[in-house]
Amino acid sequence: MNLTKSLKLAVVALATSGLALSASAQDLKGAGSSFVNPLFQKMFSQYTPAKVDYQSIGSGGGIAQLTAKTVDFGDSDAPLNDEQTTKMGGPAAVLHIPMTSGAVVVTYNVPGVAGGLKLSGKDLADIYLGKVKTWNSPEVKDSNPGVNLPNLPIVVIHRSDGSGTSFIFTDYLTKVNPDWATKVGKASAPNWPAGLGGKGSEGVAGLVKQTPGAIGYVELAYAIQNKMPYASIQNKGGKFIVPTIAATTLASNVTIPADTKVSVTNTDNAAGYPIASFTWALIYKEQNYNGRTKDQATKLVKLLWWNIHEGQKFCEALNYAPLSKSAVKAAEAVLKSATYGGKAIL
Amino acid sequence: MITSPVFTWAGNCFVNKPPNFVENKRLELSNGQLKWETMFKLLLKVMSVLLVLIIVGVLITLIIESWPSITSQGIKYIWGKVWDPVQNIYGAYPFLVGTLLTSFTALIISIPFSYAIAIYLGEYNPKGWLSDLLKNTIELIAAVPSIIYGFWGLFVLVPLVRTLEMKLDILPYGVGVFTASIVLAVMIIPYGASLGITLIRMVPSPLKEGAYALGATRWEVIRNVIMPYTRSGLFAGVLLSLGRALGETMAVTMLIGNTTAVADTFKNVFFGPGNTMASVIANEFAEADHTLYLSALIELGLVLFVVTVIINMIGKRIITRVTKS
Chain A
12 MNLTKSLKLA VVALATSGLA LSASAQDLKG AGSSFVNPLF QKMFSQYTPA
62 KVDYQSIGSG GGIAQLTAKT VDFGDSDAPL NDEQTTKMGG PAAVLHIPMT
112 SGAVVVTYNV PGVAGGLKLS GKDLADIYLG KVKTWNSPEV KDSNPGVNLP
162 NLPIVVIHRS DGSGTSFIFT DYLTKVNPDW ATKVGKASAP NWPAGLGGKG
212 SEGVAGLVKQ TPGAIGYVEL AYAIQNKMPY ASIQNKGGKF IVPTIAATTL
262 ASNVTIPADT KVSVTNTDNA AGYPIASFTW ALIYKEQNYN GRTKDQATKL
312 VKLLWWNIHE GQKFCEALNY APLSKSAVKA AEAVLKSATY GGKAIL
Chain B
53 MITSPVFTWA GNCFVNKPPN FVENKRLELS NGQLKWETMF KLLLKVMSVL
103 LVLIIVGVLI TLIIESWPSI TSQGIKYIWG KVWDPVQNIY GAYPFLVGTL
153 LTSFTALIIS IPFSYAIAIY LGEYNPKGWL SDLLKNTIEL IAAVPSIIYG
203 FWGLFVLVPL VRTLEMKLDI LPYGVGVFTA SIVLAVMIIP YGASLGITLI
253 RMVPSPLKEG AYALGATRWE VIRNVIMPYT RSGLFAGVLL SLGRALGETM
303 AVTMLIGNTT AVADTFKNVF FGPGNTMASV IANEFAEADH TLYLSALIEL
353 GLVLFVVTVI INMIGKRIIT RVTKS
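From first to last, the protein sequence lines stand for chains A and B.
Heads up, the final residue of the first sequence is numbered 357 in the working numbering, and it's a clean run with no missing numbers.
Heads up, the final residue of the second sequence is numbered 377 in the working numbering, and it's a clean run with no missing numbers.
In isolation and in its complexed conformation, chain A is listed as follows (with noise of 0.2 Å):
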């Protein structure tokens, strides 16, 4: 009796919640990053004017959807490549929005070596190129003055899927070193010339904690919450920069063309850490598409204009570096030229 009375109630308790959810259908849909999603959240469920529905599927599912106009916006932890840019209508349809910056940081495990391992981005990739075989070779040694670096081989580990990481921290190894970007590239899953591949950062966290010798790379904000050791990276002012959120955002605190669509790798700021990147809020530039109200306009156009101000309080307490002064600037005038029906939202 009790049971049945209990298993109505439960129904009923369902039923309503099912309402209440349609009821209270999102204002706002976005999709894309996983990287960005956990500042995402925290940042949408403190915002009051509307209410945001951000699914984390990955920076090429988010395009796709915004793509097929099923989002009102998507993020991207790489800017719009050429074919994604003319399948959405041209370079002057989508706007890049950058949100906040990350940091990808080089993790490593090697007995007696407990932290601060100094690594230059030339050898770094030497390293991933399978060249550099060793952690007592020459190239190591030079970077690390009176480290006793032991003779074990060096296990690369990479990411295995198709991912933003992947992407930042080629696109710095193709910078930085000749014999990379003729061989390999740039790329979210490229063609790995050395070591293994680990599924997702828990992979490569994985393999890297269980392999003496190993090498790997992360998000800074992964390292952190596992404590992971990570390496000092040589800029190209030739400092070894120790990545923090501070280091990260002065990464991005240079000269940012007009349609933010740069890559900040290996900066020129004599104090950023090296690889570091942007991810981007994306939209259309034009806001009147597929029977979209202006309020809607309105509201996509203000939440990225208070993620770009108020939003940026909730980085550092998740790891994720603030925009730089530079990036905000570029950020506003960007969100300044979205339109509905030809005239300026903002």
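These aren't lab readings, by the way, just hints derived from the structure by calculation.
Fair warning: there could be bad hints in the mix.
To be verified - Restricting the straight-line Cα-Cα distance to at most 30 Å, the calculated cross-link-like pairs of lysine-lysine (BS3-like) are: (1) B:Lys319 - A:Lys194; (2) B:Lys319 - A:Lys142; (3) A:Lys144 - B:Lys133; (4) A:Lys129 - A:Lys238; (5) B:Lys133 - A:Lys133; (6) A:Lys220 - B:Lys219; (7) A:Lys272 - A:Lys98; (8) B:Lys319 - A:Lys144; (9) A:Lys194 - B:Lys133; (10) B:Lys319 - B:Lys219; (11) A:Lys272 - A:Lys144; (12) A:Lys142 - B:Lys219; (13) A:Lys220 - B:Lys319; (14) A:Lys354 - A:Lys98; (15) A:Lys186 - B:Lys219; (16) A:Lys347 - A:Lys272; (17) A:Lys144 - B:Lys219.
Given chain A, work out where chain B should sit, using these hints.
Showing chain B alone in chain A's frame:
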């Protein structure tokens, strides 16, 4: 007045027909019965045709979607050894080899186990709580999600394999074809085993009793009565588990090392890292950012489809040959 019943011969028995009975032209069925019979038959037909249509549809979709890759890469796609999305060069050879190697290695490891389980639970211990417990446990193996196997392999099996590799003087990666095959073997055991248990229990008792009466031992009964009687069925179970192994994705991708490089030595072929077709598709599909790349991945699906069909056809051929002899 009582009408006396008329008994008539209805093919195989006498039926009691009332005098006002209207003769049905087809059999002795009422119209309602007949309607259900036809409808049910139609339903079965529609279902089976639908299934065929779905498979043909999948094949057509795969061909259409992979057309850009088929035209640009040509037939050398099959034996090309380079998979480079940046340069737009695609070759399926490393993944084809990886898929076949892991599946067949897993099959060879799993066969003794699934046969032993089938014989034990089918013949030696077919009833009782221990038998039920074991049978349920084996079925549970099939119910565990493959990502759980992946994590188990990564954190338990990989360190063990690494220790073994150090003793054998191989680069101690831990992950690789061998590790993936072991986990695959565990995953496919229930498919062969549970079909085997059912089949062995279905062997007619008179056959076995006859053999026992002639003084055969248990081993002799299994070898000379049960095995010949269930051979083709047991092989069908093996085929079923092979199909499962060919398509398994998540656990394999977590353990195989995901490298496109083709191994150079025999040791490296088995212990070194590799990759499979299903694993590459799962890894790269979501972020494949240009048409040709996406198309090449779909063509990989087409190759996997064709490989599965070929292996199944060979299996069917073997089954018929075994049954005839």
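Going down the list of hints, with the structure as the test:
no.: 1; hint: B:Lys319 - A:Lys194; verdict: 27 Å, holds
no.: 2; hint: B:Lys319 - A:Lys142; verdict: 22 Å, holds
no.: 3; hint: A:Lys144 - B:Lys133; verdict: 24 Å, holds
no.: 4; hint: A:Lys129 - A:Lys238; verdict: 18 Å, holds
no.: 5; hint: B:Lys133 - A:Lys133; verdict: 27 Å, holds
no.: 6; hint: A:Lys220 - B:Lys219; verdict: 21 Å, holds
no.: 7; hint: A:Lys272 - A:Lys98; verdict: 18 Å, holds
no.: 8; hint: B:Lys319 - A:Lys144; verdict: 20 Å, holds
no.: 9; hint: A:Lys194 - B:Lys133; verdict: 15 Å, holds
no.: 10; hint: B:Lys319 - B:Lys219; verdict: 13 Å, holds
no.: 11; hint: A:Lys272 - A:Lys144; verdict: 36 Å, violated
no.: 12; hint: A:Lys142 - B:Lys219; verdict: 26 Å, holds
no.: 13; hint: A:Lys220 - B:Lys319; verdict: 25 Å, holds
no.: 14; hint: A:Lys354 - A:Lys98; verdict: 24 Å, holds
no.: 15; hint: A:Lys186 - B:Lys219; verdict: 41 Å, violated
no.: 16; hint: A:Lys347 - A:Lys272; verdict: 16 Å, holds
no.: 17; hint: A:Lys144 - B:Lys219; verdict: 21 Å, holds
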